[in-house]
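Model the full structure from these sequences, guided by the hints.
Chains A and B are the protein sequences, given in the same order.
Take the first sequence: its letter number 92 is residue 92 in full-length UniProt numbering, and every next letter is one higher.
Take the second sequence: its letter number 39 is residue 39 in full-length UniProt numbering, and every next letter is one higher.
These are calculated hints, taken from the structure and not from any lab test.
In this text, a Cβ means the ideal position worked out from N, Cα and C, and glycines have one as well.
Any given hint might turn out to be false.
Okay, the calculated bits of chain A under chain B, using three or more residues with CB under 8 Å as the criterion [unchecked claim]:
{"#": "1", "stretch": "25 to 37"}
{"#": "2", "stretch": "59 to 72"}
{"#": "3", "stretch": "153 to 159"}
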Amino acid sequence: MKSNYDVIVVGAGPAGSIAARTAAEQGLDVLLIEKRQEIGDPVRCAEGTGKMGLSQFIEPDPRWICAEVTGARIFAPDGTCIELNEKLAGKEVGYVLERKIFDRAVAKTAARAGAEVQVKTQATSLIKENGVVCGIKGKHRGEDFEARAKVVVGADGIESKVGKWAGINTTLKPKDIETCAQFLVTDIDIRADSCDFYMGNLRAPGGYVWIFPKGKREANVGLGMLGSRFTGKHPIDYLHEFMAWKFPEGKIIETVVGAVPASGMLKQLSTSGLVLVGDAGRVSDPITGGGIYNGMVSGRIAGNVLADAIKANDLSVKKLQRYDREVREALGKQLDRNYKAKEFVVKAEDSLMNSVARSLHGVNFEEMSVPKLLKEIITRNPSMFLELAGLF
Amino acid sequence: MITVNRYRCGYCGACVSVCPRDALDLVETYIEVDDKCSNCGICTKVCPMGALELVEDEE
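Right, here's the structure in full:
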């Protein structure tokens, strides 16, 4: 490891790896560090993502695609089912990935583009001069080190420290975090081409249960609940209850836990000498929880903005704020809208979810766009007009 | 003080993300709690596994 780079990226998830790759492709000297000893492991993800979005960043590879899904089913608390085709189901379905392999594949593209990659390497603080971030202090396999950089990229996920060290408040409020538990379950009867969602405050308060197929008889079965809805039972407790109800014979071969920022994008994503990407910048979707695509979008924008800034030898706050503007332009509208949607959904009583689902009986979702679906919900549930009309 | 049941912890980092004092850190499979902790207990409520507990300090 050297002592000087153009860019140091802290965290080798998809957002960090794409930032590192994009910067390296433009000739920058890049260090990508990962505090864990294995990139992509342990997994903290339901592993669903869209086909179209993903292929903008990496060629699809059967080695990291477990299943392809063509639609989604949403089950209201009373069991009423709404079936959505792929177009309507949104960009969180399409592929169910094997993140352990996928994350490594993305990191490899950064390495092949010229980035230096170091695992078991943790940032412990920032080097700052006159208020400007100009490197990191850290531990590399337990040994202290210092490395300077023109810009540091914080890609250190939900537990991000890098932003806080630079003075950006990234602390999540309990009402803005979905805390999740998941089992990889084998030998169960599932629909292998559908992502299924179970709503209901008894099953997952302020969240939902998901079943994402990973094969013909295998699936990620997990749930997220809102941090502020804790009343003594943790997600793992709710998950055991769901398993006992739905898959009592299922064999659990992996436990995955994690959390999703449901706060919407941070108001501030950059400061002098530093930008935040991916979950560190809270760019994951507050309603679907999807963060892979959004993270990679923010990583690519960061790589491009940093390359321009470094080539122009202008690393002023103003120059880096172009990153904030471009991420907001690319993702902000959808994140703002979906944050409002999340605030509405988490307050919904089970009876409301049931009546909306029942009201949609007979609607042909094959021919319907999202705005039309919302219009249909409002038409069939006029009392919801004021709450839903502002969302879309 | 906050105690961590290391056999139950899934090392996901949820607790770290909500700590208003930045008193928690996740290093590989190990949650560290430093003396900045104010014992607010927010972390115990977002732990997916129930691995964190707020217990009274010993005299």
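Problem - Verdict on chain B covering the stretch 25 to 37 of chain A, where coverage means 3 or more residues with a C-beta closer than 8 Å - result: With 3 residues close enough to chain B, the hint holds.
Practice task
Check, residue by residue, whether the stretch 153 to 159 of chain A contains three or more positions whose beta-carbon lies closer than 8 Å to a beta-carbon of chain B, and give the verdict.
Solution key: holds (count 3)
Problem - Three-residue Cβ test at 8 Å for the coverage of the stretch 59 to 72 of chain A by chain B - result: Not satisfied, violated; 0 residues make the cut.
Of the numbered hints listed earlier, the single one contradicted by the structure is hint 2.
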